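The listed protein sequences derive, respectively, from chains A and B. The opening position of the first sequence corresponds to residue -18 in my numbering, with each subsequent residue numbered one higher. The opening position of the second sequence corresponds to residue 75 in my numbering, with each subsequent residue numbered one higher.
If you are wondering where the hints come from, they were derived from the structure by calculation, not from laboratory data. Nothing here was measured: the structure is a model prediction, and the numbers come from that model. It is possible that part of the hints are untrue.
[Stated by the list, open to error] Which residues of chain B face chain A? A few of them, derived with a C-beta cut under 10 Å, are:
hint	residue
1	A103
2	V107
3	L112
4	P114
5	V125
6	V140
7	A171
8	N177
9	Q181
Here a beta-carbon is modelled for each residue, glycine too, at the ideal position from N, C-alpha and C.
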Amino acid sequence: MGRLTFVAIVLGVIFTLSYATGAHIVVRYLNPPFGAWWNSNEFAIVESAAAALGMLIGIRIGARLVDGGALKNRSMIAAVIVSVIVLPIVGRISAEIARFRFTSGASANGWLIDRFGYDTGMFLDKLLSASVYSMKIAMFALPVGMILFGIAIAIFMTAEPAGDTAAVTSK
Amino acid sequence: MLSLRFLVLFIHIVAVIVALGGSLFSTFALTPVLISELDPPTRLRVSRRIVRRLGAIVLTSLAVLVVTGILNVLFIGGVSPLLAIKLILVVVVIGLALYQYGNIGTQIWRAEGPGPEVADLQARFRRVGLTVGSIVLLIVYLSIGLTRGPGAILASIR
Chain A
-18 MGRLTFVAIV
-8 LGVIFTLSYA
2 TGAHIVVRYL
12 NPPFGAWWNS
22 NEFAIVESAA
32 AALGMLIGIR
42 IGARLVDGGA
52 LKNRSMIAAV
62 IVSVIVLPIV
72 GRISAEIARF
82 RFTSGASANG
92 WLIDRFGYDT
102 GMFLDKLLSA
112 SVYSMKIAMF
122 ALPVGMILFG
132 IAIAIFMTAE
142 PAGDTAAVTS
152 K
Chain B
75 MLSLRFLVLF
85 IHIVAVIVAL
95 GGSLFSTFAL
105 TPVLISELDP
115 PTRLRVSRRI
125 VRRLGAIVLT
135 SLAVLVVTGI
145 LNVLFIGGVS
155 PLLAIKLILV
165 VVVIGLALYQ
175 YGNIGTQIWR
185 AEGPGPEVAD
195 LQARFRRVGL
205 TVGSIVLLIV
215 YLSIGLTRGP
225 GAILASIR
């Protein structure tokens, strides 16, 4: 789980920075076909990495709230597998919701240009927009991860024998 | 009347009724009757089965709530500050429900026999259940504010 979360964070940071800075130019210079692929897919990877990170954090929060043991481990594995399967759908829907406006956004843009000048301000504004977009996607994917873990707990919970009533229950 | 939006809203409301109704019935009707009518070993046995069944029902209802809630946000086409508060409360409710059924509930059904520890766990289970119910009621109140109040979501976005 830790490694998966780390991979999602690294991918998210690299591709968010790449999208904001236009780093595909460097990749294109080194390897044109790979650079073209990078450019056409970097935004989708930003969205997918953010959604994956949100769901993984949700699963980890859910796991922390549950009593340890085999039930928790099985539920985590099941939730991660289902997360991978539903990642394209969750990523797309979370991205759709993340595009809804919360504020006008103009205040940050104006402040950054005032503070750092036009070129740097515009660059920082694009970086800020991409980062906020990623964080919003992750925030909307977080409850999905938590509830996937919850469903896994519910399924495995009903299958597990209980205390001294295991025999009675199985009868 | 027979649009996808209405169907999703209907399922969303039914899920709230099932989650909230199940918790309130268990806390205010079933548990007092179990305490007064059954001896401790039988009560523990029955409680274990109820915890597991209710856990599956409540957690599944919350899953339906999250899915239909996300679809509702898509249909509305905007996120207001009130909706953001509601979403945060939903995350808190899911966390508390997981703690209630996955942690306290697990300890209850793994308990070897009745005793003061189990009684304490059952009391804590009821307290967390009541907290979950109260927050869900608050979420319902916020939902009414989103659609009917002065800061209704359509007015604040468009």
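Do the hints match the structure? See the list:
1. A103: Cβ of B:A103 sits 22 Å from chain A, so the hint is violated.
2. V107: Violated, about 20 Å.
3. L112: violated, 14 Å
4. P114: violated, 13 Å
5. V125: holds, 9 Å
6. V140: Status holds, d = 5 Å.
7. A171: For B:A171, the interface hint holds, since the closest Cβ of chain A sits about 7 Å away, which is under 10 Å.
8. N177: holds, 5 Å
9. Q181: Status holds, d = 6 Å.
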